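**Student:** Given next are the chains, with one letter for each unit.
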Amino acid sequence: MLLLQSEIASILLNGLQQGAIYALLGIGLTIILGTMEFLNLAHGALYLVGAYTGLIVFQETALSNGLLYSSGITTIGFEGGFLAALILVPIVGFGIGLLMERFVAEPFYDRPETDQLLVTFGLALIIEEIVKNVIGGNTFQSIAPSTIFGVNVSQPISLPLVGLFPSWRLFIIGIAFLVIGLTYLAIERTDFGLVVQAGTHDSEMVKILGIPINRSYSLVFALGAALAAFAGLIGASIQTVSPQIGTQQALVPAFLTIVVGGAGSVRGAIAGGLVLGVIISAMTQTYSQWAQIVLYLFVALMLVFRPEGLFGSAEVGE
Amino acid sequence: MSDDPSGDGAEPVPDGGAVTEETAGGSGGSVLAGLRERDDFVVIAMAAALVVFPFLLVDILGAVGDVIGISIGGYAGLPSLVLIYGIIVIGFNLLLGYTGLLSFGHAAFFGSAAYSAALFSQVVPSPILMVVVGTIVATLLAWPIGFVSIRRSGVYFAVITLTFGQALYFYALGPGSWLTNGDNGFSGIEADGLFLGAVPLDIELLPVFDSYTVMYAFAAVVMLGAVWVGNRVINSPYGLIFEALGENEERVEFVGLNVFRYKLMAFIISAVFAGVGGAMFVIHEQYIHPTTGLYWIQSGDFVIMTVLGGTGSLVGPVFGALVFEYVANVISGVSLPVIGSIGSLWRFVLGAVFVFVVWVFPRGVYGAFSDLATMLNGGRGGDGDEPVAADGGERE
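Chains as they are written, first to last, in the working numbering: chain A, 1 to 318; chain B, 1001 to 1396.
By construction, these hints were calculated from the structure, which means they are not laboratory data.
A portion of the hints provided could be inaccurate.
[What the hints assert, rightly or not] Residues from chain B shown here face chain A by an in silico Cβ test under 7 angstroms; the list is partial:
#1 Gly1154
#2 Gln1166
#3 Phe1170
#4 Pro1175
#5 Gly1351
#6 Val1355
#7 Val1358
All of these numbers come straight from a predicted model, not from anything done at the bench.
Virtual Cβ for every residue (Gly too), placed ideally from N, Cα, C.
Sequences and hints are given; from them, build the entire structure.
**Tutor:** Written out as structure tokens, the structure is:
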């Protein structure tokens, strides 16, 4: 019995960690989809950019501080590097988001959604290829530091029920949910969030009321991009990094997340991310070969039987 | 089905095919216009194009490449590969271009046909039966997937087709390894010759031009069949309804037609084409891997080819397939004087071209050219509307 409980506890904890990444991606995608009714297939590319920016910041700072640095294949963690990345990566994501909104998304707001899908799909290809050609197609080790805020995080920590659990992952869960919580508050409790919510509901009405929604559009897009980049950094600290992660580990799960949670709903993206995270971690611990298959079939069933998702209104993107 | 276009051979306009739809309402040329009204014309023009195509792609471009010192000629197997992808995207366009449904899961049909053809070849290595078996499997798979996916539209349709495709991909990679050989790939697929093994596929039909193989002839005949079927479909009442669905689904519903049934049919027809192509692919390449067969990037490649070529016409996407495979297989090996080797940049080049086309020519390269041609003809200057509507109107 205790064995089963500990199994469940560790499934939930791992699910929380994977779910946090899905939720970060899903929130970004869903606010962009909800507010601008813009379908961004380049969302995974922002995750990719976040992961690689983190990688570069991490390595450069490690190098400039004279620590061991061996050709990028193995990195020796350094506390400052990751903290710097924690600040820089979302800023880079934010900036790229602003540019993307201005130069790619805006011309396509009034075009059919198939065109939006196509142009951002092309953009995702281009970004992936740029990364591949500039930095290289090889796979990098994850970039978890060994200490952060003076605390050693390289050792597993003993938790009740779960047993030994990598303390770095615990830190990841904490910081990811901190960011998710702040985003949720920003959407639910601030004036900016109110405009975003109203825009999700009926953007035309918002415009008629005289609110400069275009400015909010850029901010929403940039915020979504920053979240995706942040998710990339988090992901890069626990998984290997290669140019394919943008599509493999981010884009498709992000879409699955908002399908499960309901398009346009931040709450839905969080819930959807957690549900998918727990499914993946449960399957990985039991029948790992079937994990991805079960995940996809679950989403397909969801689409058939509850197309509006957990928290969505079926209108968005239909 | 005439394979001998000796009469038309002097007019190597490879895009003869879809002119049917485009300029039918133009000013002059009543004989020509009358010809273009006929279904046979598309097939005959395509046959003419297919006869000269390997010569142009491999020999002429190869000769030009020798002169300018950059190897831009295709290799001998490339024309067949282009045709195989061309068959697939003709079908894919019936779904995307005419019915307006963007599927990101067609690799499921391509890949399942490829794997079942490969498996079947272990028992009976007949290429024609391999194609038949692959197509049947793809069709049987498309029915339930379509039945579920068609209920949703827009991005939901794209995502749901994607999820089915991905589920199949991960099955082939993991639990299904006993069938597919998993990540190692399915190799050693050897199709026998045509006509009970009498005519091996790698025999060269002509002495000097080594790209004219039996395999190419096989692909060309299947391509002609695909063009003929595609043309029949878009000019049939069924096809008109597909197109109407792409333009305004609600109206079709108001007229009292069963929207669901027509969309499902469009989905299944496009999956049949993908199945034929998948089986042909495995005969041609003799190898299949979950990533080339079933991964969603493969579905994305179909989308790219179709959009590059142009969704507004029947054979437009075939040009997309040509451009895509040419860039992927030939341009990727080119080394330019200033820029240096293209190498792995090819996908970047392709992505950039793709974004450019989506941005500037919403109707694709072929659509842009035919708009231009219409404008130069001084006909009804580029009214940019969907082509077959005019054609269909005249038929009634």
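**Student:** Work down the list of hints and note, for each, if the structure agrees.
**Tutor:** Here is what the structure says about each hint:
1. Gly1154: OK, holds: Gly1154(B) within 7 angstroms of chain A, min 6 angstroms.
2. Gln1166: holds (5 angstroms)
3. Phe1170: Nearest chain A Cβ about 4 angstroms off; hint holds.
4. Pro1175: holds (5 angstroms)
5. Gly1351: holds (4 angstroms)
6. Val1355: holds (4 angstroms)
7. Val1358: holds (5 angstroms)
Violated hints for the displayed structure: none, as all numbered hints are satisfied.
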